[in-house]
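A.B. asks: Residue-level listing of the chains:
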Amino acid sequence: MRLLTRMGANRGALAGGVVLAIIFVMAIFAPLIVPIDPMATVATPLVAPGEQFAFGTDMLGRDVLAGIVHGARVSLLIGLLSTAVAVLIGVTIGAVAGYFGDWVDEVLVRVTEFFQTIPSFIFAILLVAIMTPGLGSIVISIAIVTWPPIARLARSEFLSLRHREFVEAAVLSGVRPLRIIVGEVLPNAASPLIVMSSLMIATAILTESALSFLGLGDPNRISWGYMIGAARTVFRQAWWLSVFPGLAIILTVLAINLVGEGLNDALNPHLKGRSSGDK
Amino acid sequence: MTAPLVAIRDLTVQLPKGSDRDRAIDGINLDIPSGRILCIVGESGSGKSMTAHAIMGLVPQPLRTTGSVRFGGQNLVGLAPPQLRSIRGRRIGMVFQDPMAALNPVMRIGRQIEEVFRFHGVPRPYADRIETLLGHMGLPDPNLLRQTYPFRLSGGQRQRVMIAMALALDPELLIADEPTTALDVTTQKQILALLKQAQAERGMGIMLITHDFGVVAEIGDDVAVMREGKIVEHGSVADVLGNPQHDYTRLLISTVPRLVPRSSVARDSSAERLLSANGVAKTYSSRSGPFGARRIVPAVQDASFALARGETLGIVGESGSGKSTLARIIVGLLSADKGDVRLAGIDRNLLTLRNRELVPVRRRVQMVFQDPFASLNPRRTVFDIVAQGLLAHGMSRVDAKRRVLELLDLIALDPSSADRYPNAFSGGQRQRIGIARALALEPDVIVADEPVSALDVSIQARVLELLADIQRRLKIGMLFITHDLRVAAQVCDSVAVMRHGKIVEMGPSDEVLFAPKSDYTKLLIDSIPGQALFSARRRRGRV
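The listed protein sequences correspond, in order, to chains D and W.
Numbering (the working numbering) for the first sequence: 146 to 424.
Numbering (the working numbering) for the second sequence: 58 to 600.
No lab work stands behind these hints: they were computed from the structure.
Note that this is a predicted model, so its numbers are computed, not measured.
By construction, the Cβ of each residue, glycine as well, lies at the ideal position given by its N, Cα and C atoms.
Please note that a few of the clues may not be correct.
Stated by the list, open to error - Some residues of chain D that are not near chain W, with every Cβ distance over 12 Å (derived): (1) V164; (2) Q197; (3) M276; (4) A314; (5) L331; (6) S387.
Claimed, not checked - Reference listing, derived: stretches of chain W covered by chain D, where coverage requires no fewer than 3 residues with Cβ under 8 Å from a Cβ of chain D: (7) 62-69; (8) 186-199; (9) 445-458.
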């Protein structure tokens, strides 16, 4: 609760939160808000934004507004899912490396570095192409290219917490390593990890858009990146086809970043306040 | 008497709402005379450091300072920052507690001192002045030292450099905030002597903030005792220490640990041998990268001792003596290179056991840690913290709850504490929770690593009493690691003195501490601050 009030005091985070909430509502209730199939032809192609279609139609006569609203589902879904998978991989590897140290650490750090040396977007393209484009393959490939920074952060947090006295006390009490990692260390390492993952959602949405732009998106689902990609041939005749989905991406990413920064500000004084709050 | 160097009137620093009190400093009046050393003594949170910061205009931003601090005809409170800056460093010098943090690690010593001159517009050249200054501070090879980076210096040497910087422009007042707290006793003695000598040579005033009455007795001319932002007593050191007026001063003085033989507890010499260590050795080697050169530091060399049931063995030494490393090896947090550690009832060398085999051993050897803040997980309740070992060894939550309540009773904490988080407790209470955690598994041996050194003296005494009481009742063998010989004298039956990883002297504490054989032990005892005054008082008291 205190976290929420502290974030509310940060105007940027508040604005970001409101925008994000609207986008979420839009994604969840998409079929109710715009009960039009975004893949269906509903009018003549390339109608400019106006009374009938607020955002116009594309070259196949599909409603752009419907595309934006329904596309939010794919963007958010992929952003959340791929971040969740990346955090799972990254925290596991980072925690094990940082907690056990020694040769385990040595090996895992090399593996992490191996993944980091490959240019991530090219790697993502390659993975999607190999696995055939689809929701699952996009989520997996984004997760695979984004976990290393999380792993490095988790490792450094665990390294410093590993030799804290309360962790050593748990070791001496006979608590099992897994319980120590999950129950003692992880909660104390959570703040920076949460902040970083929140920002990673934004990166994942951008990566998904870029993949879809290149035609590597899920062909059965409309997404913002796909819409821009499809519109690039008529960019000079029909600006609305790329501008509206572009704005949607910018707004979402900006909102997530603002919320992430707000989280960062709200969680960090918490760490400082712990010692000053003592009597 | 001449006009005071600094006259503080009604100085108040307001704390933000929701703090544990309204004011950090509460309307204090104090004169700092020139040519004398004024000590400000108080426990943590008494406002003594804040007073120093208020004089320098260094009170953290949102806090408001009112009242006046008159220094040479100017009121320093509310003075414009540029004017304050020209006073700081030139007319008022400062020395802080942590010499490790106060020097820029990537700047040569000479350059750092040079900055003081440059900032205050002293014309070049500086080289000779800096070398003379460093020479005055008793630092070897000033010429070489000027070109050195801070990491090559010991803590004591760094503090000397800090004092050199503070004295560079011959200030009228030197403010030293706990200048020796981070240092070993032997170094502390040297630094105090240096301060005293510098004061005598320059005739300046010194305001020295400390928590240690020993330091006051060693160096002070006057003393002001602070408590909760107020000055409760102020007078000459001889008066205040010899005849304290205020109850709080009396309490503080009486709780200062002294090097006195403890009322001999009749010990059962036939007590069962509980733990023994033989030839334990540990060498740290670090490599910079897989191909870098190895750096080898022997941390513990050939350490041997034995501990009987109900006995307290003190391991004393200065920082870097290897005493903590030895403690960690004994409890199994660190592996040793060599040696043999045996626990009664287990017919194996503990150092050769694997992690899984160690689990049953570990419940018999528990540890109490130094830092009451770092040793309790801030995100778990007291129940979870104390019960973690019980639950890990398969006790049911209901039984664990009952046991935790017993333990809380033993350490004199309210049963309702079980559901609270560590941040609801003071340092002393936290340390008691740490003791309860160590006792939860009913260990035979407790290794206490500097269990009271992070606590105020008045709390130290209570925690030490609790430990001694529990140990007597439960017949636990205790390995007590400390840097403070006075504390060791209070609680230990026998003492081992460590230096550079070796045990240089070991025996019953009455012999080691009061009739030391090794020169190093003698030096350590001789370095305890305020020895002369306190022992004189004791002698007088006895006559």
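A.B. asks: Does each hint fit the structure? Answer for all of them.
C.D. replies: Results of checking the hints against the structure:
1. V164: holds, 32 Å
2. Q197: Answer for Q197 of chain D: holds, closest chain W Cβ roughly 57 Å.
3. M276: Since the minimum Cβ distance to chain W is about 36 Å, M276 of chain D lies beyond 12 Å and the statement holds.
4. A314: Non-interface label on A314 of chain D violated, nearest chain W Cβ at 6 Å vs cutoff 12 Å.
5. L331: L331 of chain D not clear of chain W: closest Cβ-Cβ about 10 Å, inside 12 Å.
6. S387: holds, 47 Å
7. 62-69: violated (count 0)
8. 186-199: violated (count 0)
9. 445-458: holds (count 4)
The earlier numbered hints that this structure contradicts are 4, 5, 7 and 8.
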